[in-house]
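Number of protein chains: 2
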Amino acid sequence: MTPREQAVAARAAGQTLRNLPSRKRASLLRRVGSALEANASRILAANQQDLRDAEGVLSDALTARLGLNLAKIESLADGIRSLSEMPEPIGRVLRQTQLADGLDLEQITSPLGVLLVIFESRPDALPQVASLALRSGNGLILKGGKEAARTNRTLHEVITGALRPDVAADVIGLVETREEVSDLLALDDVIDLVIPRGSNAMVRHIQENTRIPVLGHADGICHVFVDAAADPDMARAIAIDAKTDYPAACNAMETLLIHADYANPQGLIAALEDAGVKVHRGPEARGFEYGELACSVQTVADLDAAIDHIHQFGSGHTECIVTSDAESAASFLDRVDSACVFHNASTRFADGYRFGLGAEVGISTSRIHARGPVGVEGLLTTRWRLSGSGDTVAPFSAGEREFTHKTK
Amino acid sequence: MTPREQAVAARAAGQTLRNLPSRKRASLLRRVGSALEANASRILAANQQDLRDAEGVLSDALTARLGLNLAKIESLADGIRSLSEMPEPIGRVLRQTQLADGLDLEQITSPLGVLLVIFESRPDALPQVASLALRSGNGLILKGGKEAARTNRTLHEVITGALRPDVAADVIGLVETREEVSDLLALDDVIDLVIPRGSNAMVRHIQENTRIPVLGHADGICHVFVDAAADPDMARAIAIDAKTDYPAACNAMETLLIHADYANPQGLIAALEDAGVKVHRGPEARGFEYGELACSVQTVADLDAAIDHIHQFGSGHTECIVTSDAESAASFLDRVDSACVFHNASTRFADGYRFGLGAEVGISTSRIHARGPVGVEGLLTTRWRLSGSGDTVAPFSAGEREFTHKTK
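Protein sequences appear in the order of chains A and B. If you read the first sequence in our numbering, its first letter stands for residue 2, the second for the next number, and so on. If you read the second sequence in our numbering, its first letter stands for residue 2, the second for the next number, and so on.
Check the hints yourself; a few may be wrong.
Which copy? The list can't say, so a pair holds if one copy fits it or any two copies do.
Said to hold, decoys possible - Computed cross-link-like contacts, DSBU-like style, restricted to lysine-lysine with a CA-CA straight-line distance of at most 35 angstroms: (1) Lys407 x Lys73; (2) Lys409 x Lys25; (3) Lys409 x Lys73.
Read the hints as simulated data drawn from the structure, not as lab findings.
Let the sequences and hints guide you as you build the complete structure.
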């Protein structure tokens, strides 16, 4: 099949999927979860081959992301089953208005259509994204990293195999080459949303080469602001967790802002260094790479200066204030214009699973459509449904009928 | 000011606006409404000059759209005042989840930032869009049609004058040249959403020339499907209203689909012709321009064929089924994938004011972010706000703490 044929087939199969009864769609997800477990040895064998090919080619960090094991497969299956237990996301009524006597309007959730998701080396993204697409009634085309090609192919086979005979395997397409991705990016008449999960450069490249809307999942430049009124133990614990729990994550702290009146900045910095963090200050701070076990530290005069710094240098992902002052906390949460704003909690909580969304397709730093961790809801659109009994607008224009606009 | 300086100033003034107390923002809107009425003679004088310049240059239809009068200004002012009475849209809590004991998450509505709205000859769009931006706490840059340049300049002066001294006039910028628009379309670091209101060609041109998300407001190719089980009087009334109430509107009927078993198709067509509609059938149907007092008619074998026709030839705007059969109606409303799907009601109801949204910035045929008539809600994004007491993720990974994920 050509990329266009794949996308058109995904759209058609997606229509079958969304027209299934809600229970049936939920049971498909349970079947996918069971199939992953039943085929675990096949999946792990393919993964072993990918890992062997990667030896000496990929860095240790990338190899670690590539590897699957039985526990990971079981936890993926669990996640998919818990997604099946969530309330039905399609057809949810968001708004009900009586426009006039006998004329009733509803705004309801609907699938987007066809999604194109491009992800890098981590193969566990494939079952997560596939199950979110199934839950939300969307067709899907996936492009994974080439290091994980065998694992991805096996996962794809197992998942689409579990959908038969209710939904055609075409509902989830898998492509493997950049040329196919280029072709797909031209299909703005068939594909409704592109979700690139990867480097800023990759996201930028895609934005510049498609008319399809792009849900930007870019690196985060997350800040922790330690206020003058911060509890020192809390500041230490949050800064260390935000930086060291997973330094390469997009929700890891990159910059620590310290209020000029904070009592013991040196103690805080020393604690980070004791935890293995390389701390960069002043002009030197420009030199380090985000995602390392390193961060920059900046002293700021006050809350306003901290917020200005975040707006100037941040990426609008996740920012935290550590303070015991309720007023400063409220002001920070109100005024900082990032997808996630936290008070006395580690930036690492910015995650679909931790937020209770079941799973995530990525963390969006876009401001439109979906922002922050994106679960099923970010893969839906809405439709307006109006039921009348022969109503026309002419009598309203003529003043013979009046709108009531009653919210139900 | 350069276009970049204008956009940056609109962003800064937008921040002032959204940090005002809710009551204050509502009172600003009331001031804008009163200022329009108090300056009506000035506005109408500018409009008269624009109309004089347009004589012999613009078509009668365009001239009609360009003209303002006292009643229009009063109705604009009324609309703005009713917008001021709507519940506060900023900071609305959409979701509340207890992630774990003492760790509370909220998803709240927030302004998008800066909007760029490009509209054509109708100057009444300016106060409507300006008031929606003010209500939603956004900065705004407007580009109007050059035929309405004097009217737009006067409206802009009156509106921004009414905001002083609480918000800088920069919160709403006005540009007049295409070159300025080109410059603005490059500012994806400052402008968050572009809303073009105009021809398909204009919307397409903008989509191809910016990385800023575009809220597509394109022509509608709306269908009315008269089912076998349609009441003939109702079918006639709806088809005539949908076509003749305002033929140039994007929610006017362009294609009438008639079920092959409908009793009296000739009577229906004759009624449309009696109402002055030119009816095109078969191959000839390709030749006419959408927006005229004309429509194409197509016989379809059944409901499935009607839905296929709509998906193949429609623009995803608004479609209506006329039927007394509840099952057919439900199937049509479920399966037709357009922004608005209506049962026994004219397509002309697809409108922000008629939907009870207060006003509209346009009707979106995009599938992401906002779909259908776009009011204040389409000009908002969301933020996630998390409040803890020193919480870190490490104890959750170590199994010492557990997520509760209780929805509140």
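We went through each hint and held it up to the structure:
1. Lys407 x Lys73: Close across copies (25 angstroms), not inside one copy (50 angstroms); limit 35 angstroms.
2. Lys409 x Lys25: both (30 angstroms within a copy, 28 angstroms between copies)
3. Lys409 x Lys73: Result: close only across copies, 31 angstroms inter versus 45 angstroms intra.
Taken one by one, the earlier hints all hold for this structure without exception.
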